[in-house]
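Participant: So the chains spell out like this:
4 protein chains.
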Amino acid sequence: MQPISCGSIICDWGSHMFYNKTSCRVIYGDTDRMGYAYHAHYFRWFEIGRTELLRSFGLSYKAIEEKGIFLPVSEANCKYFIPIRYDDTLIVETGLDNGVKGGFKFNYRLHRESDNQLVAEGYTKHPCVNGEGKVVRPPQFLLDLIAKIKDLG
Amino acid sequence: MQPISCGSIICDWGSHMFYNKTSCRVIYGDTDRMGYAYHAHYFRWFEIGRTELLRSFGLSYKAIEEKGIFLPVSEANCKYFIPIRYDDTLIVETGLDNGVKGGFKFNYRLHRESDNQLVAEGYTKHPCVNGEGKVVRPPQFLLDLIAKIKDLG
Amino acid sequence: MQPISCGSIICDWGSHMFYNKTSCRVIYGDTDRMGYAYHAHYFRWFEIGRTELLRSFGLSYKAIEEKGIFLPVSEANCKYFIPIRYDDTLIVETGLDNGVKGGFKFNYRLHRESDNQLVAEGYTKHPCVNGEGKVVRPPQFLLDLIAKIKDLG
Amino acid sequence: MQPISCGSIICDWGSHMFYNKTSCRVIYGDTDRMGYAYHAHYFRWFEIGRTELLRSFGLSYKAIEEKGIFLPVSEANCKYFIPIRYDDTLIVETGLDNGVKGGFKFNYRLHRESDNQLVAEGYTKHPCVNGEGKVVRPPQFLLDLIAKIKDLG
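Sequence lines, in order, name chains A, B, C and D. So for the first sequence, our numbering puts the first residue at 1; every next one is plus one. So for the second sequence, our numbering puts the first residue at 1; every next one is plus one. So for the third sequence, our numbering puts the first residue at 1; every next one is plus one. So for the fourth sequence, our numbering puts the first residue at 1; every next one is plus one.
Bound conformation, chain A alone (with noise of 0.2 Å):
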């Protein structure tokens, strides 16, 4: 657990970032006929890797589901930089942007393994919601997993 560089065009990264690396690999499913990863598809590794995030935290995100509370996408977005071509192998770095307040927001680095290059860069919200659907302030739980990854950076 390092913090990532400063000086993303995307976002502040700022001094409190900690992340999780993760790796994929990208099938041929996922390409498109100009030979590339399809963009919607970034999403899935962002997935992946806010998913490994917290589960590297010691709290699935499922456990996190079983307690009644979702964290649905209110938004997301990602830069390409260069295209990723089939059986490449990525590194899904992911960072929690303790910046925000009331929710969550997940920032992703993409590398391409086999020469470090950036491939993408992007991040997702997720407000707390409760069973019924409505926004909550995020339990006590879930902000003893965000001072933990805070003390831990």
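In case anyone wonders, no lab produced these hints; they're calculated from the structure. Please note that the accuracy of each hint is not assured.
[As the list claims (entries may be wrong)] The calculated BS3-like cross-link candidates involving lysine-lysine, where the alpha carbons are at most 25 Å apart (straight line), are:
1. 62(B) / 125(B)
2. 105(C) / 67(C)
3. 62(B) / 105(B)
4. 105(B) / 79(D)
5. 79(A) / 148(C)
6. 125(D) / 79(B)
7. 125(B) / 125(D)
8. 148(D) / 79(B)
9. 79(B) / 134(B)
10. 62(B) / 79(D)
11. 79(D) / 79(B)
12. 79(B) / 148(B)
13. 125(B) / 101(D)
14. 79(C) / 134(A)
15. 125(A) / 125(C)
16. 105(A) / 125(C)
17. 62(D) / 79(D)
18. 105(D) / 21(A)
19. 21(A) / 125(A)
20. 148(B) / 21(B)
Nothing here was measured: the structure is a model prediction, and the numbers come from that model.
We have chain A; now place chains B, C and D onto it with these hints.
Facilitator: Chains B, C and D in isolation, oriented as in the chain A frame:
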């Protein structure tokens, strides 16, 4: 509503097949780097086919689920004859195989609209399942639907 | 073809927006276990929107590629306002943002057909790229297309 | 590398089956509103299985395509035994059916890692196709690969 001509190589479409025609266009996100539609996406078109077949007989699949009955897929099969490309329009023909008891079997044929060439054939099988996930006999409203399809054939 | 009303919270839809309306239905394969359409699938609907916008002005995206010009996605964004459910019909409105030079920016708005509620808004950005993957100025046939869209607005 | 136990209900896995094991986790984007993985996504896991099988024998599918040979899917089949849920880990076993001549048939078995229950079984068939899309006999390097798989079984 007319019976499909016999002679299918997949299964006995027989004398009691009734069908629905729906068209779908291949989008970029459906293609893979070979330039053709990725094989797994055909099962999405099959889903569209059976959904529109049910709707054309007055009962949406959504309404079936709202009555507490689910039709999960227990088997899926597709034979691919010619590749289909980006922006091609497919005609999805869907039939209900009424030789099957205790569940549903849908048969599918995909033609390319531009030249009417047969692109693929397949089928899916669906048991009737209740809200607890147990396989049950088709309830009366589904038997009525099947009878209605037969009468109109 | 009518301009979209102003007041979007995403970007200046301005006075020169021209748009295409296309409808899409949410299939089972689009939903996730929350019961709503998975957020990544919205970018497939965006693709359908911009493809049909171009087609409505007489030039399919396929034809553009056949002339050796590609419009890959350099940025994609979506804000999700209300969840959309299985079997809902979406109205996809797509506009060309003509304040952008040297490439294309498409803006999208999704409404639920049943009650006309705004479901989501987003945009995608696309540089013009040639067959070798190099960014190029839009060739004359694309400038003509843009002019045609402006004239009809 | 050990032979799969006999007794499959789909096909004769026989005495000459050799297999690769790969694990995949079910992500949110794989699920549908029934709460289970959508049936079409299993074919993505099958793709991962056969790709890793080939790679484990020293030849990536990407390298096969770079030699001008393509293995498109001519038939795909899956039988679904128990539903698989969000965040479950699947073990994908893939075998090469060496009773098939003139092409490839891969057999797949998916188990749930947590309790080793059989989730699904299936197969895909693949002719050898050259760059012009014509079916050809498997070239020597593929025959060598098949022989290598047999020898190691």
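Participant: Each hint needs a verdict: does it hold in this structure or not?
Facilitator: Results of checking the hints against the structure:
About 18 Å separates the Cα atoms of residue 62(B) and residue 125(B), which keeps this hinted pair within 25 Å; it holds. A hinted pair counts as satisfied when its Cα atoms are at most 25 Å apart, and residue 105(C) with residue 67(C) qualifies at roughly 20 Å. A hinted pair counts as satisfied when its Cα atoms are at most 25 Å apart, and residue 62(B) with residue 105(B) qualifies at roughly 18 Å. This hinted pair checks out: residue 105(B) and residue 79(D) have alpha carbons roughly 13 Å apart, not beyond 25 Å.
At roughly 29 Å between alpha-carbon atoms, residue 79(A) and residue 148(C) are farther apart than 25 Å, so this suggested pair is violated. A C-alpha spacing of about 9 Å is found between residue 125(D) and residue 79(B), which places the hinted pair at or below 25 Å, so the restraint holds. As the CA atoms of residue 125(B) and residue 125(D) are separated by approximately 20 Å, the hinted pair is consistent with the 25 Å bound. Annotation: proposed proximity of residue 148(D) to residue 79(B) is violated, straight-line Cα distance about 29 Å (limit 25 Å).
Distance hint between residue 79(B) and residue 134(B) is unfulfilled; the C-alpha atoms sit about 30 Å from each other, more than 25 Å. Among the hinted pairs, residue 62(B) with residue 79(D) is consistent with the structure: their alpha-carbon atoms are about 24 Å apart, no more than 25 Å. A distance of roughly 15 Å separates the Cα atoms of residue 79(D) and residue 79(B); the hinted pair therefore holds under the 25 Å criterion. For the given pair, residue 79(B) sits about 30 Å from residue 148(B) by alpha-carbon distance, which is inconsistent with the 25 Å threshold.
Restraint check for residue 125(B) and residue 101(D): the C-alpha separation of about 29 Å exceeds 25 Å, so the hint is violated. For the proposed pair residue 79(C) and residue 134(A), the alpha carbon gap of about 17 Å is at most 25 Å, so the pair holds. With a C-alpha separation of about 20 Å, the suggested pair residue 125(A) and residue 125(C) falls inside the 25 Å cut-off, and the hint holds. A threshold of 25 Å between alpha carbons decides the hint, and for residue 105(A) with residue 125(C) the separation of about 22 Å falls inside it, so the pair holds.
Our distance criterion of 25 Å between C-alpha atoms is broken by residue 62(D) and residue 79(D), whose separation comes to about 28 Å. With a C-alpha separation of about 36 Å, the suggested pairing of residue 105(D) with residue 21(A) is violated against the 25 Å cut-off. For the hint pairing residue 21(A) with residue 125(A), the CA-to-CA distance comes to about 19 Å; that is within 25 Å, so the pair holds. Distance hint between residue 148(B) and residue 21(B) is fulfilled; the C-alpha atoms sit about 18 Å from each other, no more than 25 Å.
Of the hints listed earlier, those the structure fails to meet are numbers 5, 8, 9, 12, 13, 17 and 18, in rising order.
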